[in-house]
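Same order as they appear, the protein sequences are chains E, X, R and L. Position one of the first sequence corresponds to residue 1 (my numbering), numbered consecutively onward. Position one of the second sequence corresponds to residue 355 (my numbering), numbered consecutively onward. Position one of the third sequence corresponds to residue 709 (my numbering), numbered consecutively onward. Position one of the fourth sequence corresponds to residue 1063 (my numbering), numbered consecutively onward.
Since the hints were made in silico from the structure, they are not lab data. Any given hint could be a false lead.
To be verified - Think about it this way: if two alpha-carbon atoms lie no more than 25 Å apart in a straight line, the pair counts; the simulated BS3-like pairs of lysine-lysine are:
| no. | chain 1 | residue 1 | chain 2 | residue 2 |
| --- | --- | --- | --- | --- |
| 1 | X | K673 | E | K319 |
| 2 | L | K1111 | R | K964 |
| 3 | L | K1137 | E | K99 |
| 4 | X | K610 | E | K195 |
| 5 | E | K312 | X | K625 |
| 6 | E | K319 | X | K610 |
Letter by letter, the chains look like this.
4 protein chains.
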Amino acid sequence: MAGNTFGDLFKITTFGESHGEAMGGIIDGCPSGITINIDEVQKELGRRKPGQSSIVTQRKESDKVQFLSGLFEGKTTGTPIGFIIPNENQKSADYSHIKDVYRPSHADYVYEQKYGIRDYKGGGRSSARETVSRVVAGAIAKQLLAKVTINAFVSSVGEIFIDKPYQALDFSLTESNPVRCPDRATAEKMEAYIKDVKKQGDTVGGTITCVLKNVPIGLGEPVFDKLHAELGKAMLSINAVKGFEYGSGFCGAKMKGSEHNDLFNEDGTTKTNLSGGIQGGISNGMDIYFRVAFKPVATLMQSQQTINKDGKIVKMQGKGRHDACVVPRAVPIVEAMAALVIADFYLKERLNRQ
Amino acid sequence: MAGNTFGDLFKITTFGESHGEAMGGIIDGCPSGITINIDEVQKELGRRKPGQSSIVTQRKESDKVQFLSGLFEGKTTGTPIGFIIPNENQKSADYSHIKDVYRPSHADYVYEQKYGIRDYKGGGRSSARETVSRVVAGAIAKQLLAKVTINAFVSSVGEIFIDKPYQALDFSLTESNPVRCPDRATAEKMEAYIKDVKKQGDTVGGTITCVLKNVPIGLGEPVFDKLHAELGKAMLSINAVKGFEYGSGFCGAKMKGSEHNDLFNEDGTTKTNLSGGIQGGISNGMDIYFRVAFKPVATLMQSQQTINKDGKIVKMQGKGRHDACVVPRAVPIVEAMAALVIADFYLKERLNRQ
Amino acid sequence: MAGNTFGDLFKITTFGESHGEAMGGIIDGCPSGITINIDEVQKELGRRKPGQSSIVTQRKESDKVQFLSGLFEGKTTGTPIGFIIPNENQKSADYSHIKDVYRPSHADYVYEQKYGIRDYKGGGRSSARETVSRVVAGAIAKQLLAKVTINAFVSSVGEIFIDKPYQALDFSLTESNPVRCPDRATAEKMEAYIKDVKKQGDTVGGTITCVLKNVPIGLGEPVFDKLHAELGKAMLSINAVKGFEYGSGFCGAKMKGSEHNDLFNEDGTTKTNLSGGIQGGISNGMDIYFRVAFKPVATLMQSQQTINKDGKIVKMQGKGRHDACVVPRAVPIVEAMAALVIADFYLKERLNRQ
Amino acid sequence: MAGNTFGDLFKITTFGESHGEAMGGIIDGCPSGITINIDEVQKELGRRKPGQSSIVTQRKESDKVQFLSGLFEGKTTGTPIGFIIPNENQKSADYSHIKDVYRPSHADYVYEQKYGIRDYKGGGRSSARETVSRVVAGAIAKQLLAKVTINAFVSSVGEIFIDKPYQALDFSLTESNPVRCPDRATAEKMEAYIKDVKKQGDTVGGTITCVLKNVPIGLGEPVFDKLHAELGKAMLSINAVKGFEYGSGFCGAKMKGSEHNDLFNEDGTTKTNLSGGIQGGISNGMDIYFRVAFKPVATLMQSQQTINKDGKIVKMQGKGRHDACVVPRAVPIVEAMAALVIADFYLKERLNRQ
């Protein structure tokens, strides 16, 4: 109920505050017999890690995962996979300036209203550091889904966007630049823009597009748990996300049925794919693609007005090391959450027929 | 797992195929002692009903709900509320022309792939008729949430949209026209456009905006079950929905932090509300607002090419009575789903503190 | 949360008060493609029905089930199976004498304390009539589990018990007498005893033993959801049940390990079966057997002292038609709940391995 | 689904194999603002720990719990409480003799059948070491339930039993002897018997009785999730448990209604309490009491015949340090599971009424 678990059959439950002892979680429901490459898990954590490049936060966390159970001689055993990622950057002093202050567009105020108590050090549970556990679980899910490929990339930063369909992109270039944009020219513009914004002590939003290939036909449940509904929830559960669309998305709302319908080929594939690989909530074997909107990071390196616990207006300014644009580091998180959704439906698919 | 249940504490499970005996469901977890006005439930069903106006389908269904349990002397008893809505329009013959054919951009093909069996009469379980049960449950949820107001309305049809912020609208006008658009001039354009599209045997998409007022502070869970993530899932689970955004939404992704942050007033309210009433997944007491994109209805009253069960290309054309634009009838469904999400978090909120 | 659902994958949610419009439920998660024999379902309902014989209540209910969804051309479609069983015996007048009185050892008092409102007509939701929906769902589960055989029978009534191991019994005789005891001589004694008790306006308890054969190896989860833990919960959820034991049960607690261990044969079967077919919570392919204790029915046809709503001591006496001994009618309920437990684990078993 | 979670609102998910890195878990759903005494948690672990006395296993584990999240300045914050208990006694060599052998009446054989892979070191996940995490969670639940008292004690070992009603016992004596039997004379006999059995390389079963006082009226759900059904499941989920009864239990099945009914006093309490504090699945404010049967430990320090992976009959003998009787160490586990059940219903109780 408390919402720290994602998935029904392939399940991840996470714990940890950004400035506590450790982040961690339990992956429950992973079938037995899957060979797990721990280096791959660590590699995904590396993609999310602070300090990777000059455009992201320079906080230092090695983000080394320790698996405590569920693996035996390199394989999953079918028992729960417990893991922790120790927090190394716990200097509470950094946060004394926000102890009694509610930061604008952060969760400080609502936390205090909801729970009557708040771990003021770094956002506590609402910190995006929580996503480190999602990346671990997603990396295990990816290994379960060996045949599915999941490629997320930054498709826009501020007003700068990739002006091509995803089919024209080479996903192998995504990791070639710090912005994680597979279109080189656009990536350069984005990087320059983020640096400029950062210099102003400001931040900027962006979008991530994600493409899934080779998802088996039949994943997703027809009523409430439609495949795209779960993808939507998964993405909207990532910090700073404001919107989700798949296939034709919001553009589809402007179209006519005669333009929008995807006509079949004889083999059951479709000539177009405005449906985004999902019909009636169920995968149809075509590419699944969706787009996720991220707001600008709320912590600014410039002075802002806010209130304190006594309801007094005060001035505050972010300290320490924060991201000017969160989307490059969110790319592996989007992929992880997509992998978790697919893994869950992949297992559910075993239940449909006699 | 099969995804016929929505909610964790205030729960609705639905059953029924569009051409079976009856639609229905069980509302479980509704607290005892709530006075239920059954006329209000029936009124909501009336808003969703086919045949209300010239721009929607002319199918005939009285959509009369029968409550079978859970109410005693006009009040909820805390026990499950079972209900049915008999199907009156079950002429199977209407559907013989699609028995062996997979309609484009419908779920026919994926259903057959998923289950190996398909109730070909009218889409079976994937028919939007299933939402009749959601409207019943939502109407009960609204009565639990007496102080919260939920107003959805059509904000665009095709390229026609309301060119005003929601604050400038008078929601009491929403029901004054068949499009359910509270801006009269825009409503007229939309209505004319839908009639035109219909004449062509075509269909068109649109968007619905929904505004929630007086939601208590503190609703929503901070990690996976963020309030907006559940709203997103709820909306994306409605037939034909392609996208969801709340607050600043996709526009927010283009903005800078210094433009986007909502500064506090001394009383904890905020000067602006780009956050859309939700911070870190938790309601902050400001208006919650979101927008939902609907694709055009896939059933066309014009000839389309498709395939049959043998993988042969055939021609087909919709028969009977279908909506040219689904958004007017989807307004009460959006409200119902929003009510269900809020009701569930409203109960969860009782669990936070000692 | 409200506890009206049983099962995780093969799920039944029930609704209905004994004196409301109808009982009913939704079976969700039943795989597609299973041929359903509705006569078999009706037959199970007949075994549970009042009025079958002179030793059970003479209330009149035809208990005719109506399936509303989820079946198509005689087969399950993978969609939820909604059903109702109309209540025919709703003469509320029968219950006016208990409107303001809390019957001893009934749930009247705690209901009022819990919900602040109570449907006083016949126990409302706590009536054993609720089990009619469980029998429907169990009958569907049995058809999913075609190879498993489930045989429950009355093993004791009061101090009279079958003095033989279950292996010495012929289960085909269970239905040959109104007590549902497969040992003829014992059945006669039980029947005579129940008639005697009934004449006194009194009631008596008893036990039911249940034997499951051909349960596949590997069903059950090793930690909290052990197979016998779920069987135990299922049985304890039946009205009037006070105890559950499986395999050696309470006798096993008196034994030494050297007496109790079941030694293996070369083929993985065991020479003895004190384990009751379950090791570490997981079925091992041997017979599963367990025993369930039922208290005597609380409604007596003799005068008892109790209290009313005002906390005053009053005299009351049961009216109408009640069972003097509930175990004969509980036999199909025990079987139904066992079938539901096995069906749920049968589906879970599909999830274990890569 | 994989059954590593217990509870719906107050939830514990556990992980860990007996010979892996660590045991641990996540407590989710604990309300905020509860002062936690960690020494109390550690004390409960001490009661369960191996090596406490001469009659239990002499394995060495310090069983020191480390809390990683969810606590702030000594109080719960409403966020998930992650914890680990490192395993210190991981000498895998100890288990090489059972690598290819299926121990009688252990879960080895069924694990291999179920998962196709088995962590052969000490039972892996089916080891009773898993209960260490339950004791941690139970100790937190006890602190949530400050007013409820939970007293479990050993009521029989083999044929030796306490020949008094629980009302005649002084629970403060339970911890005064290594058997955890509050009746001194009986405790001495039990201890002598266990030592004798141990000398023979044999083991013996026993029963634990548990008494809960001051449980609020109204806990438990009326249909499937009856309070005693969840208590039964909780107890049956503990390793080696074969039976559960509450109130009059199996004896109640022999009684007449006129003997069994608990007549009311004017204040709603009852003159007798054969119901065991629960009516219709809901607590009535009287003492809740139940009894749990444990089979003898399957690992014997004497030679037994069994089979190996190749289906060949072999001889084997337990090595190392095992319990001759598990019930003394199971007392805190029974209390922990009872606390978890009550805590979960305690939170659910907040949901009943408007």
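Checklist entry - So which hints don't hold here, by number, going up? => result 1
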